[in-house]
Amino acid sequence: MPISIPMPSTPPLTADTSDILRFLTERFGALETSLFRDQTRIVVPESKSLEVLAFLKDSGFDMLVDLTCVDYLEYRDALRRYGLVYLLASTLTNQRLTLRVFVDDPVMNPHAVLSDGPEAADKPMPTVRSAVPLWAAANWLEREVWDLFGVRFLGHPDLRRLVMPDAFTAHPLRKDYPLQGRGERHNFPVLTRDDG
Amino acid sequence: MPIAPSQYDHDVRASDAEFPASDRTRSEDYLWTLNFGPQHPATHTTLRLVLTLDGERVVDALPEMGYLHSGFEKLGEHLTFNQYVTVTDRMNYISPMANNVAWHCAVEKLMGIQLTPRCQYIRTIIAELARISDHLLSNGAVGLDVGAFTFFLYAFYQREVIYDIFETLCGARFTNSYTRVGGVSHDFTPLVVQKIRDFIKTFPKTLADMERLLTRNRIFVDRTKGVGVLSKEAAINGGASGPVARASGVPRDLRKDEPYLAYADFQFQVCCAAAGDCYARYLVRMQEMRESLKIVAQAIENLPAGDIHIGIDQRTSLPTKKQVYSTIEGTISHFELSMANRGFEVPCEESYMGTEAPNGELGFYIVGDGSESAYRARCRPPSLLHFSLFPQLIRGHTLSDVVAVLGSLNIIAAELDR
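Chains as they are written, first to last, in the working numbering: chain A, 1 to 196; chain B, 197 to 614.
Note that these hints are calculated values from the structure, not bench results.
Taking lysine to aspartate or glutamate pairs in the EDC-like style, the calculated list, with each CA pair at most 16 Å apart, reads:
hint, chain 1, residue 1, chain 2, residue 2
1, B, Lys-391, B, Glu-363
2, B, Lys-397, B, Glu-497
3, A, Lys-48, A, Glu-32
4, B, Lys-305, A, Asp-38
5, A, Lys-48, A, Glu-26
6, B, Lys-428, A, Asp-62
7, A, Lys-175, B, Asp-565
8, B, Lys-305, B, Glu-568
9, A, Lys-57, A, Asp-19
10, A, Lys-175, A, Glu-74
11, A, Lys-175, B, Glu-273
12, B, Lys-490, B, Asp-394
13, B, Lys-305, B, Asp-565
14, A, Lys-57, B, Glu-429
15, B, Lys-397, B, Glu-487
Negatives, chain A to chain B, calculated, CB over 10 Å:
hint, residue
16, Ala-30
17, Glu-32
18, Ala-54
19, Ser-130
20, Gly-155
21, Phe-188
22, Asp-194
Model, not experiment: these values are computed from the prediction. Don't be surprised by glycine CBs; every beta carbon is placed ideally from N, CA and C.
Okay, chain A solo, but in the shape it has when bound (with noise of 0.2 Å):
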């Protein structure tokens, strides 16, 4: 026979976040809120994200649902050429919330400040700080956007490739990489029962 434990009932679908947002500006200031079909977004500058989202996270926001870059060097009147996306909600209360993180890089802006921070002064790539300490489930989600799109986390406890092969050398999901490849699957060395 199944278990039946009396579980607590969700609260009713509440997808106000205005005092969250109330919350938010109080503390950080003004930020840039937008709603569209029902989803609240705050963009929020690399200088500030972690701690914003270490304060949603004090604030209910248990559960990221997803961690994922927007490539928008195709993009029309883009300013910055990545859009981290985290989407944030709350078990408790059943809110959602859409942070973006603007990140740049020299090939849409020659003159692009690649971290805010002066210990990633001398990294190629554009960097943000990893949201691990406060979700084990952004591990892989990081390790996922920096093996598609090239943007490094600091402090990520194990940055490695997650989907493509180790060796691989591209970043596949960025705008600039075509559909096709560029002959990786071609050039994959042959191993012989001696090799091994």
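Once you have looked at the hints, place chain B on chain A.
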């Protein structure tokens, strides 16, 4: 009983120029490494686990994926919204209908389209049938991996019945590509409705038979109870969703929390458990199949009449042949949708829609740029986060528990790798 994880906690990392392997002390020389996969009948599809073993006890597991990566997200930037549904079929291929519904619900949310009531009910019915199909395979595979072959075959026979329903509906058993923007490709015929009614009548008996085989089976309970325990905090923090999270006590079900399609019209319960082990996940899936059957039974009896496509003035779904040949709006819509750089317009905006797929929260984050294909079509795969939770579930258990835990998480490599 499994040994407490703290006794064996140490870092195992693949050697990498930037992250060298941590120094191992002399006393850990007795540990040996076993490569589990990617070619292995018990890893569901191609995934790899590098296990560090102390005899039979798993000290650590390093999961590796990417063997089935096919660039689905890159394809999403080049295919139109109606073409991409064929690719979503191939993600969680155990329940392709659920992926189709998730994709098109996300596209319609971006475009701001409201479906007709009949279409919503139809999509709900097929999504629930896909859920039953997925749970049958998931639990069947858990049974198969621990040695219960009859249970597996009972489950697969019922999946054949569901495949037959899908074949009668749209001509394809498996990779259906059933949904379209603003509608579905084929309407329900009386034969389909009859087959669904027959399925509703005959399925509970098979489910009862299956339960009699395994639920109180001493061997099965010993192999799955207390194995692979996922605590509630680890589940939420790790991004688990669906049956994996609900079996750990997280009462989150998107069909109730953020009702989409027609789920708000139906009475059903959210199945949760508190233990968080493999047995709890098995029970949650079994009960969810009953709840899904309830939803299908309610929906099929109350199926609204009417059109499955939204109005032709909205220029998003292909009009019927009768409309094309007899009305001017139908002709114009047909030409506009079939021509290369005309067709529906998508706002230059981004939106995310999460649906309750059988495996968890399957969502699509779509960035539109005004053209008929997405600028970025990101699939949020539940299996990715569940697979990343695997090491903490398996530490301290034996080698034979690896298959039980892997099966109970229901990792589908095609969804994992995309």
